[in-house]
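S.K.: Single-letter residue listing:
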Amino acid sequence: MSQKQNIQLPEGSLGKQTTTLNLGPTHPATHGVFQNILEMDGERIIDAVPTIGFIHRAFEKIAEHRPYYQITPLTDRLNYCSSPINNMGWHMTMEKLIKAELPKRVEYLRVIIMELARIADHLVCNSVIGVDTGAFTGFIYVFEFREKIYEIFEEVCGSRLTTNIGRIGGFERNFTDIAFQKIKHFLDTFPKAMKEFETLFNRNRIFMERTMGVGGIEAERALNYGFTGPNLRATGIDYDIRTAHPYSGYQDFDFTVPVGTTGDVYDRFLVRNEEIWQSVRIIEQALEKIKPLDPSIYHADLPDFYLPEKEDVYTKMEALIYHFKIVMGETNVPAGEVYHSVEGGNGELGFYLISDGGRSPYRLHFRRPCFIYYQAYPEIIRGSMLSDAVVTMSSLNLIAGEIDA
Amino acid sequence: MLTNEIIKQRLKDKFGELVYNMEEPYGMLTFDTDRDNNLKVMNFLKEDEELGFTYLNDLTAVHYPNNIGKELAVVYMLQNIRAGIRIRFKVYTDISKPDVFTATGIFETSNWLEREAYDFFGVNFVGHPNLIRIMNVDEMDYHPLRKEYPLEDQTRIDKDDDMFGR
Amino acid sequence: MRPVTHNTKVKIVEAPQGYVGEGFFTMKMSEAIGLARSNSIWPLPFATSCCGIEFMATMAAHYDLARFGSERLSFSPRQCDLIMVMGTIAKKMAPILRQVYLQMAEPRWVMAVGACASSGGIFDTYSVLQGIDQVIPVDVYVPGCPPRPEAIIDGFMRIQDLVKSEDIRRREDDQYKNLLNSYGIQ
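As you go down the protein sequences, you meet chains A, B and C in turn. Read in order, the letters of the first sequence are residues 603 to 1007 in our numbering. Read in order, the letters of the second sequence are residues 713 to 878 in our numbering. Read in order, the letters of the third sequence are residues -5 to 180 in our numbering.
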């Protein structure tokens, strides 16, 4: 490392008035791998050129070589802070393709899991905004509740973070009593901690001055750039897939969609906080709605796609044949193209599936919200200071796995 | 109330024979149009008062190696946020000269989506301000998501294909 | 006055082996340095994807990594001892990882956390580096997808064992130099 290096300077760089700063791919641990090359005039940013692709894992190519039930672990790793939502979205896409009807209890259980994942995602994002403004305490307070959510996921599916939860047609096993106890315990203890988190930040003068008026975008430009999710709702447009194109029983629930006004970092923070409260409300309603339903149903009757119980496989003939057919890929999948979207932690996560009737998809494309709205980042930070650029980046909730797929 | 029938009628009235293959798989109106007509269709869908498809949801490409002369398809998906309606249309182009007009003048969203389609499939978007690779390394000289290229890295020497059943 | 309760179950670590006399204590230099180094490792979290979120959970209050001496996470390679590579490293990222490794000062240790960093994980594709030991030498591999925080702490404790028992002249001898040369690092 101590060799003399002759560095080639680019053309015209000695006479330039601005400095080039590389906000490089190795960020402090919280954000992810994307690079921004900033042109700066002192402390102000003149221009930014983002580079992505540092964690490109070729999901769309892998999906063409895997059977349908093996694509779920891939979808986990898109927005890995809220991976159950991605899993459910993929299962719903497949169910739309094969035109399957699900029992109500399965839909409500899915709603509980998706809203828990949404709470987990927003907790990470908001506490990281706090860390970027220097307030580490909120992060520590809030991660304890993320651990509680991880325990619930572990009870249902066995894994904490990248869950691979559920199957095409429902869940792999019924929710145990311990799982329901853990959900109730979470609902009892979480609101108090969330209020504590809000008192730390919402009217905190330093936080407000750091985040108000910073990183704003107007509603028209946001729509042109393809924003969805909390970032779009902070600009004032109430577009939420759960109300616009309801799926999995969301039409039976009573919740509001919070919107902001100016689209700056403070509005995004408040919108995410309010969404957490609405998710808690939805989970409470779902637990009520499950009570009168038959507690032994946890999957739909889809023998062609849903693996039968192991006891049946070892004793009954039809179950053995179905098991063999599903695993070897001999089931008849209808050919066609389908698009389904769910409201992920960052907005509209869409799955565009072209099936040719075979074992793997012909083409699977993920409409990833982070990838689409990260294009607006140079326009948002042009003219602001460097520290504002860092806070803006963390408020947009950019997850590297979702940008690069 | 905007329905698929009204949209179909308006498109037929405006473009006549240039829009064809109108279908509704799983409730979403899908049609094909000519390669050079894509911007006109998008502009019409965006600017028209009644239709109002002002949001570009997705833009991607598909490779059909068996359609000689029309191997690469570019798929656009538009959305009307107020009415909650989605619409999809495709243009086909030849793989030896895959030129398609760029949509960056109409929707800012299409900037990186077109770069991704170029990176993966090699579709050349005419008029794009910065058409370079976005996900893969810059030195890559082929377009990996085309069907003829394999998934795994062919330069590996430590994996035994007999054991892995490839 | 509240009665004082004494915690009688305190476990005290025993003193290291050495020669004790009136007012002095001698021990081997490498052991003393190893003891000091192993309890104050400053890691650099090179987090790229999902394993990075499990690392955040490890740093949080429930599975506290700071009690092992790594309270201060440095994000600059010049000031760290251990680089924890967490997450998938794509071929586009590999030169950057190598450059960060080259900027670290001796003695340095590398921990590969997760299946993707150890061997490429579930992504056997053209764009993913199949294990970071293709570009840098690795000391400890932690398997899992993602590994539980207990597993990451266990990997950290293995690094502590390596640090404690390392010979202080190891970085200058030929075996280590040959290892670095095989990676093309001078």
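Just so you know, these hints were derived from the structure itself, not from any lab. Don't take each hint at face value.
Said to hold, decoys possible - Footprint (simulated), chain A over chain C, 3 or more residues, beta carbon under 8 Å:
#, stretch
1, 10 to 19
2, 35 to 43
3, 47 to 54
4, 112 to 123
5, 126 to 135
Quick caveat: nothing in here was measured; it's all calculated off a predicted structure. Glycine included, each C-beta is placed from N, C-alpha and C at the ideal position.
S.K.: Compare the structure with the hints numbered earlier in the document and write down the numbers of the violated ones, lowest to highest.
M.R.: Those not satisfied are hints 1 and 5.
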